[in-house]
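Asker: Chain by chain, the residues run as shown.
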Amino acid sequence: MSRALVALALLAAALLPLALESEGYAIHVLTLALLFAALGQAWNIVGGLANQMSLGHAAFFGIGAYAATILQIRFGLSPWLGLVVALALGGLAAALISLPTMRLRGHYFALATLACGEVMRVIANTAAPLTGGPAGISVPFGAEGVWMMRFEGGRPIYWLMLGALVVVTVVFEVIRRGALGYRLRAVRENIAAAEAIGVDTARVKLQAAVISGALTAALGVLYAQFNFFFDPDTVFGVASISVRIALMAIIGGIGTAAGPILGALIVIPLEEFANAALSDRAAGLSQLVYGAVLIAMVLVEPRGLMALRFSWTFRPRRASA
Amino acid sequence: MPSDAVPLLEISSLSARYDAGEVLQDISLTMHPQEFLCIIGANTAGKSTLLRCISRLVPRARGSIRFHGQELMDQPAHAIPGLGIAHVPEGRHVFPGMTVEENLCLGAFAIRHRPGLAGRLEAVYALFPRLAERRRQRAGTLSGGEQQMVAIGRAMMLEPRLLILDEPSHGLAPIIVEELHRALVDIHARGTSVLLVEQNTALALSVAGRGYVLEAGRVVLEGAARSLAQDPRVREAYLGL
Chain A
1 MSRALVALAL
11 LAAALLPLAL
21 ESEGYAIHVL
31 TLALLFAALG
41 QAWNIVGGLA
51 NQMSLGHAAF
61 FGIGAYAATI
71 LQIRFGLSPW
81 LGLVVALALG
91 GLAAALISLP
101 TMRLRGHYFA
111 LATLACGEVM
121 RVIANTAAPL
131 TGGPAGISVP
141 FGAEGVWMMR
151 FEGGRPIYWL
161 MLGALVVVTV
171 VFEVIRRGAL
181 GYRLRAVREN
191 IAAAEAIGVD
201 TARVKLQAAV
211 ISGALTAALG
221 VLYAQFNFFF
231 DPDTVFGVAS
241 ISVRIALMAI
251 IGGIGTAAGP
261 ILGALIVIPL
271 EEFANAALSD
281 RAAGLSQLVY
291 GAVLIAMVLV
301 EPRGLMALRF
311 SWTFRPRRAS
321 A
Chain B
1 MPSDAVPLLE
11 ISSLSARYDA
21 GEVLQDISLT
31 MHPQEFLCII
41 GANTAGKSTL
51 LRCISRLVPR
61 ARGSIRFHGQ
71 ELMDQPAHAI
81 PGLGIAHVPE
91 GRHVFPGMTV
101 EENLCLGAFA
111 IRHRPGLAGR
121 LEAVYALFPR
131 LAERRRQRAG
141 TLSGGEQQMV
151 AIGRAMMLEP
161 RLLILDEPSH
171 GLAPIIVEEL
181 HRALVDIHAR
191 GTSVLLVEQN
201 TALALSVAGR
211 GYVLEAGRVV
221 LEGAARSLAQ
231 DPRVREAYLG
241 L
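Keeping their order, the protein sequence lines are chains A and B.
Its first residue numbered 1, the first sequence is counted upward by one per residue in UniProt numbering.
Its first residue numbered 1, the second sequence is counted upward by one per residue in UniProt numbering.
One thing to keep in mind: the hints can contain errors.
[Unchecked claim] So the derived label-pair ranges between C-beta atoms look like this: (1) B/Arg135 - A/Gly136: 54 to 62 Å; (2) B/Ser15 - A/Val166: 55 to 63 Å; (3) A/Ser240 - B/Pro76: 39 to 47 Å; (4) A/Val166 - B/Arg135: 28 to 36 Å; (5) A/Ala292 - B/Glu178: 52 to 60 Å.
FYI, nobody ran anything at the bench for these hints, they're computed from the structure.
Backbone N, C-alpha and C define an ideal beta-carbon position, used for all residues, glycine too.
Using the sequences provided together with the hints, build the complete structure.
Answerer: And the structure:
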């Protein structure tokens with residue numbers, strides 16, 4: 001994609017909320033889509049570049065959301081500082097999870113990480129004095145202001161999410177194009193050959209996991225500020241977070257910067273539409289339709305929607321070559 | 001033989017084992033700078049294991065391997081290329097989804113030698129003009145011989161002092177094998193020391209200056225390649241004469 005096109009898309013995304021109702025439903029859905037695009041992008045560092053299918057990213061997400069919110073409740077800490085704390089804790093948690101699991105591949109890695117997210121959910125549910133337990137936790141209300149991330153209307157938090165997506169996407173691209181990206185691809189494609197040319201495969205996987213975990217935790221902080229209220233089953237949930245994060249990249253296209261963005265812009269509105277249009281018909285019908293559409297997408301193009309675009313544009317050229 | 005100089009590689013009383021049992025027993029081997037050394041022997045003689053010990057890929061190895069006087073047994077596997085030893089593993093381990101040029105660049109990327117990258121690429125393309133033609137092609141779509149060229153070229157991107165190769169001719173057409181061996185002679189002539197493991201004994205002895213014969217994990221013969229080629233035991237067991 002050309003630079004001009006990216007700049008134009010970014011400008012359009014930045015101006016879009018001005019055309020929407022400030023407290024409206026559309027802006028809420030778009031903000032959520034931006035958040036999940038950013039989450040999918042952070043996941044993409046581990047899932048796309050290192051090809052380790054993590055189903056445990058809720059662990060980092062929840063750690064970030066809880067850490068910043070608890071610090072805000074107890075000490076009045078600004079969520080901006082909470083972001084810094086979340087980055088550190090998310091990175092630390094990712095390192096701790098990565099050390100025992102990095103030698104696992106494929107399904108085994110997915111299952112091990114899935115368990116990590118579940119462990120965090122159970123801990124958050126039982127540690128009620130700290131986390132509020134199953135009853136959940138609320139971000140304290142206070143005066144409006146940038147310092148406490150308390151804004152009027154839905155536009156500022158939309159721009160905040162857009163900024164977060166830009167930051168995470170830039171990090172992803174810098175890694176992908178740089179030495180770490182090449183090392184990760186080497187590990188993904190042929191671990192024996194990677195060792196033979198001197199790649200410290202364990203260290204490379206650890207670096208990717210820490211960066212991905214730190215960013216995911218930071219996005220958890222933004223989610224807390226966006227949603228005001230959450231409980232362990234939402235932020236540490238397998239279906240609500242872990243699988244959903246991975247889904248953005250899988251539907252859009254793993255390993256590409258545009259993949260998770262495309263995935264989130266399709267999947268999140270689809271989810272909302274299915275809920276709004278069908279939830280009053282029959283119990284579970286909306287999930288059924290949503291699931292059917294996802295299955296259809298994966299069947300049509302298992303490499304994600306980005307691959308579909310590439311096959312359209314590049315097929316004629318290949319045929320002539 | 002320049003035996004007065006510090007040896008490039010000095011292996012003494014090296015033993016290695018896998019779960020199935022002892023693979024190398026009390027190996028001692030000396031290689032001098034600028035040498036082209038070959039190791040010959042039957043399947044399962046331990047030739048590959050010996051190379052893998054040098055690259056520190058065999059955890060259960062005992063003994064000493066000194067490279068320019070530095071002990072390699074204290075080093076982790078990923079530090080070995082940085083010391084100037086490039087290993088071309090058996091079975092042409094290329095990165096299939098990457099282009100030829102990306103494969104080559106990775107050879108240098110791993111040790112942070114970005115300056116001089118273009119010059120190194122040109123040197124590799126001069127060695128294997130065929131790769132220059134296919135620089136944008138995915139390595140997985142190349143023929144076996146071309147993949148082997150990528151693997152050797154990738155190793156040469158390190159500008160190693162010692163190039164070690166594990167069965168580069170295995171499974172390749174004779175015409176490609178000849179081309180590869182010409183390239184190895186060329187690499188050696190330009191100043192890189194080469195340690196070659198080959199099952200193709202005739203070819204190995206025709207390009208190397210000196211050779212070791214491995215049998216069941218032990219060194220049984222050692223000498224100039226020319227005299228090994230004349231040795232009745234080698235002729236009978238490995239050359240089929």
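Asker: All hints are to be evaluated individually against the structure, with a verdict given for each.
Answerer: Tested hints:
no.: 1; hint: B/Arg135 - A/Gly136: 54 to 62 Å; result: 57 Å, holds
no.: 2; hint: B/Ser15 - A/Val166: 55 to 63 Å; result: 57 Å, holds
no.: 3; hint: A/Ser240 - B/Pro76: 39 to 47 Å; result: 41 Å, holds
no.: 4; hint: A/Val166 - B/Arg135: 28 to 36 Å; result: 34 Å, holds
no.: 5; hint: A/Ala292 - B/Glu178: 52 to 60 Å; result: 59 Å, holds
In summary, the structure agrees with every hint in the numbered list given earlier.
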